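Q: Start from the sequences, fold in the hints, and give me the full structure.
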Amino acid sequence: MIMHPNLPVTRAGTDGDIAIVTIDRPAVRNALDLSMWEGLQTTMEALSAEEATRCVVLRGAGAEAFSAGADINAFEAERGSAETEAVYARVFHTSMQSIRRCRHPVVAEIRGFCLGGGAGLATMCDFRVGGEGMRMGITAMKLSLWYPYAEIDPIIQLAGTGVATEMLIEGRIFNGREAYEKGLLSRVVPDDDVPAEAMALARRVADGGPLAARFHKAAIQKLRGALPITAAEDLAVSDFVQTEDFQAAFRAFRARAQPVWRAR
Amino acid sequence: MIMHPNLPVTRAGTDGDIAIVTIDRPAVRNALDLSMWEGLQTTMEALSAEEATRCVVLRGAGAEAFSAGADINAFEAERGSAETEAVYARVFHTSMQSIRRCRHPVVAEIRGFCLGGGAGLATMCDFRVGGEGMRMGITAMKLSLWYPYAEIDPIIQLAGTGVATEMLIEGRIFNGREAYEKGLLSRVVPDDDVPAEAMALARRVADGGPLAARFHKAAIQKLRGALPITAAEDLAVSDFVQTEDFQAAFRAFRARAQPVWRAR
Amino acid sequence: MIMHPNLPVTRAGTDGDIAIVTIDRPAVRNALDLSMWEGLQTTMEALSAEEATRCVVLRGAGAEAFSAGADINAFEAERGSAETEAVYARVFHTSMQSIRRCRHPVVAEIRGFCLGGGAGLATMCDFRVGGEGMRMGITAMKLSLWYPYAEIDPIIQLAGTGVATEMLIEGRIFNGREAYEKGLLSRVVPDDDVPAEAMALARRVADGGPLAARFHKAAIQKLRGALPITAAEDLAVSDFVQTEDFQAAFRAFRARAQPVWRAR
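Residue numbers (my numbering), protein chains in the order written: chain A, 311 to 574; chain B, 311 to 574; chain C, 311 to 574.
Check the hints yourself; a few may be wrong.
One copy or two, either will do: identical chains are not told apart, so a pair holds if it fits within one copy or between any two.
Listed next, the in silico DMTMM-like pairs over lysine to aspartate or glutamate satisfying Cα-Cα at most 25 Å (straight line) [to be verified]: (1) Lys-452 x Asp-517; (2) Lys-452 x Glu-543; (3) Lys-532 x Asp-334; (4) Lys-452 x Glu-507; (5) Lys-532 x Asp-343; (6) Lys-452 x Asp-502; (7) Lys-532 x Asp-501; (8) Lys-452 x Glu-360; (9) Lys-532 x Glu-461; (10) Lys-452 x Glu-488; (11) Lys-452 x Glu-361.
If you are wondering where the hints come from, they were derived from the structure by calculation, not from laboratory data.
All of these numbers come straight from a predicted model, not from anything done at the bench.
A: Laid out in structure tokens, this is it:
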């Protein structure tokens, strides 16, 4: 199995039947650049194909962050033009979907920051164990970025349209207790207990019948039906890069200034 | 901008980028008659077209009520026959949908009574800030009225089918804490803090990129897809006026008596 | 009305307008065998046709259990082969759906164990009043059984995909408070108060307009639309009986041993 250096895979449980994927870039709060999104996809696909694996745990290195999402330092090099954004959107989407397509259930073990694409990763997982002190939110609206349909939908399916609205339009950051009350977490525990509870959950999943787990994971997704979004609508999500507002916000971000919105 | 006298619009925020619409008939707990439903639609459409507006707050005059819904004193003049009900249903629906179609996010600021069409208005908004002492419910079933599909659906999308069932079939009235636990409120605060929290929320929305807000508002609605309801089914919602039960309930209501249900 | 001996029907309320169906096999925690699933369907269809009935309460005999679900003692005789499972799946489905198709609202009165098909019954009801000490869960995965689409869907519609995942893939058992927080209960009260609160709820439902109750019950279901599941996919749910894992789990269950999963 080829592993990305910032996405090490370790094993736990009976005969190693639980795979642990660690997002390991603590210097930038476990943010992911393009190569890591691609690496995550490769890793999830490899784990999905494994016959002896029964459950996957996705976690961040250290206690400070699950993941801060897209690596903002790599933003200028990797995003911001129509061409780069088209590539980024495709890689981001394929990486996110690789968690849902993984045959084995995936548990997010969440402490600290769980922001932007990090919150996105968490909502693609089958389970989310969070700490009381975690901070979960998507602040794409601060840069006038548009969050894509296929990644908004799981938030709605988990927690309803009101919660998706708070996250995407207010840019609300929830603590662990709020995230639990809103339906975004399977459970909330004291921060120090998160790894043990995530592992206990993974153990219970791994002890169940694997074919039943696969059937139920697929069934819950299948009951959603196809998203009522056309291919053209999907592609148009990247149109934000061509707006004056995004370009201004991008410049303001680099200058550490507030953007002035023109709504065009 | 032509304003209905009972629906004054004021401005707040940076350069007045937050519009505040007040349902202003405190003598009847801010209930709306037909002209006010029409006026609300006109107002929301005018605000939606404004280029400088970034967020709308919908509130009731005073602390006693957000809105008690349809004006029961106007009921006899405006509703109760097949002809008047067809008109009323169309106006009610168009008014409700004008909140969802508004380009700008809409925040409901809720204190006190939030009943019937008032609860309907709240659930059409993008955000709901409620006070602990609020009273939220839909009691159409007490008059054997049928609540329409397009206005039931947002309740389900916010809070699930169980909550919609409690509201519509039990006629349950929730206080602020319960409404929050059920997913009907974005947040609940002490009653006196509701206006400030609604304004703070509106400020955060208005500070984000407006094109992102518009995209995300439309995307969350678009992901629902078209309702699986035919035009004939939609029209048939008004058939309740032709039932013996509704006519009896209507007479009983005027006589302040209990109706005897015949289920026909 | 022909009643199954383990499903007695009694009456309460004004002129007996509330029907009470009791699952009455306390020796096996009110588990249902095939004849009881058939009996429940017959009973629900008969009650649905009644003109004077306004609400149905479904409860378990005694305080120890609502229902432990499928009778595991009858499992060997009634299930486990492709032939018997095809019959069982059809009867189970028709029985479950008879609650949803019942014209009158149905209230689940839940104390104690509410497991497997018992939890299924509860989630098919329109309302769920639960006690703090109740235990609600579906542990099909322990036997590598697959839970069917049409009975998963109401869990998702009530409580979202995250809760359905916890129930089906982790086999999580919720107490009353957790079940309420997750959206699985309409309300939670001390165990001793469950019967009185269920009856009070039924009384409020029965006091409303019956045509409105029927319209709203049908409308909430209709807004779901048809499930995006083909007939072939539906039939394939019973394929689990042909897997090695299920056969091994079935043998292990009889021997009170742990199964060894092969994922085939």
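Q: May I ask which of the numbered hints given earlier this structure violates, with the numbers listed in increasing order?
A: Violated hints (numbers, rising): 3, 5, 6, 7; every other hint is consistent with the structure.
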